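Chemist: Sequence:
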Amino acid sequence: METPDRLLRSFLRIASLKSLSKAADDLEQTQSGVSKQLAALEAHMGKALFTRTGRGVALTEAGQKLQEAIEGPYRAIDQAVDLIREAHGHTEGTVRLALVHTVSYYFIGDVVASFVSAHPGVNLSMMGRSSPEVVALVESGKADLGVTYDTAVDTAALAVHPLFEDTMCLVERGDVSHVAIGPGIDLGDRELRLVTFPQGYALRRMLDGAGLKATYVAEAETVDAILKLVSTGVGSCILPSRLPEKLLAEYGLCKVLIRTPLLRRRMVAVTHPERHSFPLAEALLSRALQVAKSMDT
1 METPDRLLRS
11 FLRIASLKSL
21 SKAADDLEQT
31 QSGVSKQLAA
41 LEAHMGKALF
51 TRTGRGVALT
61 EAGQKLQEAI
71 EGPYRAIDQA
81 VDLIREAHGH
91 TEGTVRLALV
101 HTVSYYFIGD
111 VVASFVSAHP
121 GVNLSMMGRS
131 SPEVVALVES
141 GKADLGVTYD
151 TAVDTAALAV
161 HPLFEDTMCL
171 VERGDVSHVA
181 IGPGIDLGDR
191 ELRLVTFPQG
201 YALRRMLDGA
211 GLKATYVAEA
221 ETVDAILKLV
231 STGVGSCILP
241 SRLPEKLLAE
251 YGLCKVLIRT
261 PLLRRRMVAV
271 THPERHSFPL
281 AEALLSRALQ
291 VAKSMDT
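Going by UniProt numbering, 27 is the number at position 27 of the sequence shown; the sequence numbering is gapless.
To be clear, the hints were calculated from the coordinates, so they are not data collected in a lab. Model, not experiment: these values are computed from the prediction. A portion of the hints provided could be inaccurate.
[What the hints assert, rightly or not] Quick list of in silico lysine-lysine cross-link-like pairs, DSSO-like style, CA-CA up to 30 Å:
1) 228 / 246
2) 18 / 47
3) 65 / 36
4) 18 / 142
5) 36 / 22
6) 228 / 255
7) 293 / 18
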């Protein structure tokens with residue numbers, strides 16, 4: 001079994017910071033993801049590399065030997081890469097972005113505008129997919145960056161970068177003036193006729209597990225198709241509340257806040273750590289993190 005580069009780099013950050021949580025923050029990953037990487041490395045080594053202390057973690061004897069063996073070579077590699085970047089800056093090329101359909105209406109536009117203005121010679125290829133497909137594209141190397149729901153990322157092969165939380169709302173026919181001001185509606189006892197995404201999509205799985213009294217009257221793979229169906233009166237839909245009201249108004253629809261059940265999911269960016277050094281992909285990820293940070297969550 002080949003020891004992946006990402007596991008060793010995570011190990012070095014944990015060893016340097018003496019904390020799993022600090023290493024996760026530094027690597028812009030979740031703590032559970034870093035823990036899984038450490039567990040995979042320790043399983044491969046056949047030795048525990050850290051022991052827990054009152055304030056974090058400390059290297060075992062095996063961990064100290066591993067750190068001494070790889071720290072210098074990795075430092076030399078990083079210095080060489082930095083020198084090459086400075087001498088041969090990447091200003092042209094193609095970046096492949098895979099994303100779930102919903103974020104193209106309220107998040108990705110700002111990310112793309114910021115990225116393209118800073119890299120006018122770059123071709124940005126965008127692929128709208130379901131959450132599992134986004135993960136598969138990044139994992140296979142067919143996409144350099146993915147934006148998806150965290151519930152779809154069930155692999156230690158990818159680095160996970162938290163972006164923001166999405167709260168869902170009910171979308172139905174009517175205009176904003178017909179929406180009652182208040183904390184939202186209770187869907188617990190309401191008979192719902194829903195237009196939704198097909199099985200396998202993260203939002204569909206969320207609805208399936210929410211305990212709603214719902215009949216799925218139609219399925220569609222894009223937000224526009226769902227909104228079009230709802231506008232005909234066949235049913236309502238449940239989508240992220242960040243969808244622009246202007247978009248909904250074009251279909252004669254409005255948002256209704258949901259009080260219960262609380263339907264919320266975290267949006268994340270995913271990258272393949274072994275390809276994370278691609279400068280343009282790093283730049284796109286940086287823009288996504290900046291835009292997410294500026295959002296009112």
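Chemist: Now, for every hint given, state plainly whether the structure supports it.
Modeler: Checked hints:
no.	hint	result
1	228 / 246	holds (14 Å)
2	18 / 47	holds (18 Å)
3	65 / 36	holds (21 Å)
4	18 / 142	violated (35 Å)
5	36 / 22	holds (15 Å)
6	228 / 255	holds (15 Å)
7	293 / 18	holds (27 Å)
Hint compliance for this structure: hint 4 alone is broken.
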